Amino acid sequence: MIIATVEPWVEAPLRRFVDDARARLALLLHPSGQVVAQAGFTREVDVMTACALAAASHATSGELGKRVEGHAFRSLHYAGPDRQLFLSPIETARGAYICLTVFSAESSLGLVRMYFEELCHDLAAAAPPLPVVRQPAIAADFELDLNRNLAALFGRAPAAT
Amino acid sequence: MTPFRPMLESLTRQRGVRASLIVSENDGLVVDSSLRFDQDGDRVAALAASMYRKARLSAQAAQLGAVAFLQLDAERGRVCAVGGRSDLVIVVVADPAANVGLIRVELFKALESLE
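Protein chains in written order, with the numbering used here: chain X, 1 to 161; chain H, 1001 to 1115.
For the record, the hints were derived by calculation from the structure and aren't laboratory data.
Note that the coordinates shown come from a computational prediction; the quantities given were computed from them, not determined experimentally.
Yeah, the Cβ is synthetic: ideal placement off N, Cα and C, and Gly gets one too.
Heads up, some of the hints might be wrong.
Claimed, not checked - Estimated spans, in silico, between C-beta atoms of each pair:
id, chain 1, residue 1, chain 2, residue 2, range
1, X, Tyr78, H, Ser1010, 51 to 59 Å
2, X, Thr60, H, Glu1009, 39 to 47 Å
3, H, Ala1055, X, Ala96, 54 to 62 Å
4, X, Glu117, H, Ala1068, 26 to 34 Å
5, X, Pro81, H, Glu1115, 49 to 57 Å
6, X, Gly40, H, Ala1061, 34 to 42 Å
7, X, His121, H, Ser1058, 49 to 57 Å
8, H, Thr1002, X, Thr60, 27 to 35 Å
Said to hold, decoys possible - Quick partial rundown of chain X residues pointing at chain H, CB under 10 Å, derived from the structure:
id, residue
9, Arg74
10, Leu76
11, Ala105
12, Ser107
13, Ser108
14, Glu117
15, Ala140
16, Leu144
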């Protein structure tokens, strides 16, 4: 499976996760919706759409959790007839990320959750310290960052450091 | 407490048994478990369910019929599993020296009560 990353330290842990969990698609993104890494996507527009929807879904379920339980729901699982998705946040020294995993009957929720825990540990261990404080995403920067990351993922420009 | 608990505790009471679990084969999630210390139920459930499903599909592909009893012997332990008509699989993790014959009998008894 082809894996593309904007931040190189993400690649090895994500590749291991995708292989072990037998995921069909995986997407690592900032909570703002900016892509960090993708596995299995072939089209730029799919990545962009999946990032936007995953970030929105994570924000929505988080808020819903706060209303229902007093704290944000951590993970979201949806089982479709053929494919399932698992959406969960990851904390690292470089900040929080969201991981969207799509899997089929070749895998299972139990396996994905198990290997996802390992991915969390691997990413936390691999994450270099944050060089600069990340500013909140604003409309002016967002599109610029998004386009730069997509260009890096699909081989049109060097990855950001 | 689920209705499976007495059955699981009876399995875990067998000599050399470290854990017994009821697992969903499709999801790989624990339905109920009786674990001795130092056992990660979620991990065992995910891996055992995956192993059982692969064995069942392999037996089906080879036209061998349904899987009756699955046993994995490893250096530091063994995993035994039985499944019936439902999605549920009963899994036992035991020491290498545990009496597999006895575990097998108890697993089939447990499966009968499950169905």
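These are the hints, each one checked on the structure:
no., hint, in the structure
1, Tyr78(X) <-> Ser1010(H): 51 to 59 Å, "violated, 37 Å"
2, Thr60(X) <-> Glu1009(H): 39 to 47 Å, "holds, 41 Å"
3, Ala1055(H) <-> Ala96(X): 54 to 62 Å, "violated, 39 Å"
4, Glu117(X) <-> Ala1068(H): 26 to 34 Å, "holds, 33 Å"
5, Pro81(X) <-> Glu1115(H): 49 to 57 Å, "violated, 26 Å"
6, Gly40(X) <-> Ala1061(H): 34 to 42 Å, "violated, 26 Å"
7, His121(X) <-> Ser1058(H): 49 to 57 Å, "violated, 32 Å"
8, Thr1002(H) <-> Thr60(X): 27 to 35 Å, "holds, 32 Å"
9, Arg74, "violated, 15 Å"
10, Leu76, "violated, 15 Å"
11, Ala105, "holds, 8 Å"
12, Ser107, "holds, 8 Å"
13, Ser108, "holds, 4 Å"
14, Glu117, "holds, 9 Å"
15, Ala140, "violated, 44 Å"
16, Leu144, "violated, 41 Å"
Checked against the numbered hints given earlier, this structure breaks hints 1, 3, 5, 6, 7, 9, 10, 15, 16; the rest are met.
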